[in-house]
Amino acid sequence: MPVFRIRQAADLLGVSYDTMLRWTDSGRISKTTDSSGRLAVDGAALAELARERAESGAPAGGAQAAAQSMRNRFTGLVTRVVKDTVMAQVEIQAGPHRIVSLLSREAADELGLEPGMLATAAVKATNVAVEVPAAMVRRSRSALPATRVIPRRSPRPGHAAAAARSARR
Amino acid sequence: MKLSARNQVPARVVAINAGEAIANVELDADGVRLVASITVEAVRDLGLAVGSEVTAVIKASDVILAVAG
Chain Y
20 MPVFRIRQAA DLLGVSYDTM LRWTDSGRIS KTTDSSGRLA VDGAALAELA
70 RERAESGAPA GGAQAAAQSM RNRFTGLVTR VVKDTVMAQV EIQAGPHRIV
120 SLLSREAADE LGLEPGMLAT AAVKATNVAV EVPAAMVRRS RSALPATRVI
170 PRRSPRPGHA AAAARSARR
Chain S
8 MKLSARNQVP ARVVAINAGE AIANVELDAD GVRLVASITV EAVRDLGLAV
58 GSEVTAVIKA SDVILAVAG
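Residue numbers (the numbering used here), protein chains in the order written: chain Y, 20 to 188; chain S, 8 to 76.
Note that these hints are calculated values from the structure, not bench results. One thing to keep in mind: the hints can contain errors.
With a straight-line Cα cutoff of 20 Å, these simulated EDC-like cross-link-like pairs (lysine to aspartate or glutamate) come out [unchecked claim]:
| id | chain 1 | residue 1 | chain 2 | residue 2 |
| --- | --- | --- | --- | --- |
| 1 | Y | 50 | Y | 37 |
| 2 | S | 66 | Y | 61 |
| 3 | S | 66 | S | 35 |
| 4 | S | 66 | S | 27 |
| 5 | Y | 102 | Y | 128 |
| 6 | S | 66 | Y | 103 |
| 7 | S | 66 | Y | 71 |
| 8 | Y | 143 | S | 27 |
| 9 | Y | 50 | Y | 67 |
| 10 | S | 66 | Y | 128 |
| 11 | Y | 50 | Y | 71 |
| 12 | S | 66 | Y | 125 |
| 13 | Y | 143 | S | 52 |
| 14 | Y | 143 | S | 48 |
| 15 | S | 9 | Y | 133 |
| 16 | Y | 143 | Y | 110 |
| 17 | S | 9 | Y | 110 |
| 18 | Y | 102 | Y | 133 |
| 19 | Y | 143 | S | 37 |
| 20 | S | 9 | Y | 129 |
| 21 | Y | 50 | Y | 61 |
| 22 | S | 9 | Y | 125 |
| 23 | Y | 143 | S | 33 |
Per the computed footprint, the stretches of chain S lying under chain Y, defined by three or more beta-carbons under 8 Å from a beta-carbon of chain Y, are [said to hold, decoys possible]:
| id | stretch |
| --- | --- |
| 24 | 11–22 |
| 25 | 33–45 |
Over the 10 Å line for every Cβ pair with chain S, so calculated as not near, a few chain Y residues [said to hold, decoys possible]:
| id | residue |
| --- | --- |
| 26 | 23 |
| 27 | 32 |
| 28 | 66 |
| 29 | 90 |
| 30 | 104 |
| 31 | 122 |
| 32 | 125 |
| 33 | 129 |
Think of the CB as a built atom: it goes at the ideal place given N, C-alpha and C, for glycine as much as any other residue.
With these hints in hand, go ahead and build the complete structure from the sequences.
Printed below as a string of structure tokens:
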């Protein structure tokens, strides 16, 4: 299970170091230690807290949507609209996220999209790719089924396990 | 609410094949069969059941064309 130092956890949630430290002291998020014995928080608990905070702080506009199957929504202000004769590029600033949509000019005109409007970018769940930091991939590679690992060159026997051990250190 | 998606097809749910995470929802759009792969979570949120009236929404850049040949 991944753990994060206090500074890193604070940055991920956009709060100050002191706030994150206060939350660990008050028990709002449980504390643990990293591999060196330094104060840290559990990744899963941090993710739960991040989700709760995002939900409680979400703009009210997001709640006005009719029932839809789209799992992912980013509500924010339109910051830029560029149109040519066929297509339009629309940018939405949703909290810390800049979302870019390419849509037909017909659609942009019909919605009257212009900078300053409240809009929601919706993304179907099957269209979302997931990336993880390279360090985490190295750490977990030995846990993957052998058939999933395609080495660029023949590794020595035990290479993956040794790499995993050195990554933990 | 208004949508940017250019294709919005009224349809009726004729079958729901739910797995652990994803459900394939079969639709009848005036004689045309459509299938939507959506999360089981979405099926529950929308209260979908056989007979539900829905709108299939497809972004224009996701539509592929074929011609006889």
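Stated coverage of the stretch 11–22 of chain S by chain Y [criterion: 3+ residues, CB within 8 Å] = With 3 residues close enough to chain Y, the hint holds.
ask   = Hey, residue 143 (chain Y) versus residue 48 (chain S), does the alpha-carbon distance stay inside 20 Å?
value = Holds - the C-alpha atoms of residue 48 (chain S) and residue 143 (chain Y) are around 13 Å apart, at most 20 Å.
Hinted pair residue 9 (chain S) and residue 133 (chain Y), Cα distance within 20 Å = Within the cut-off at roughly 15 Å; holds.
message = Holds or violated: residue 66 (chain S) and residue 35 (chain S), Cα atoms, limit 20 Å.
response = holds, 19 Å
Holds or violated: residue 50 (chain Y) to residue 67 (chain Y), with C-alpha atoms at most 20 Å apart = holds, 14 Å
Residue 9 (chain S) paired with residue 125 (chain Y) [C-alpha distance capped at 20 Å] = Satisfied, since the Cα-Cα distance of roughly 13 Å is no more than 20 Å.
ask   = Holds or violated: are the alpha carbons of residue 50 (chain Y) and residue 71 (chain Y) at most 20 Å from each other?
value = Holds, because 18 Å separates the two Cα atoms, which is no more than 20 Å.
20 Å Cα cutoff - pair residue 102 (chain Y), residue 133 (chain Y) = holds, 11 Å
inquiry  = Checking one constraint from the list: CA of residue 66 (chain S) to CA of residue 61 (chain Y), max 20 Å. Satisfied?
reply    = Roughly 39 Å between the alpha carbons, so the hint for residue 66 (chain S) and residue 61 (chain Y) is violated.
request  = Take a quick look at residue 23 (chain Y) and tell me if its Cβ sits farther than 10 Å from every Cβ on chain S, holds or violated.
outcome  = Residue 23 (chain Y) clear of chain S: closest Cβ-Cβ about 27 Å, beyond 10 Å.
inquiry  = With the threshold set at 20 Å, check whether the alpha-carbon distance from residue 9 (chain S) to residue 129 (chain Y) stays at or below it.
reply    = Answer holds: residue 9 (chain S) to residue 129 (chain Y) is near 9 Å, not above 20 Å.
ask   = Just checking, residue 32 (chain Y) versus chain S, shortest CB gap more than 10 Å?
value = holds, 24 Å
In terms of the numbered hints stated before, the structure departs from hints 2, 4, 7, 19, 29, 31, 32 and 33, listed from lowest to highest.
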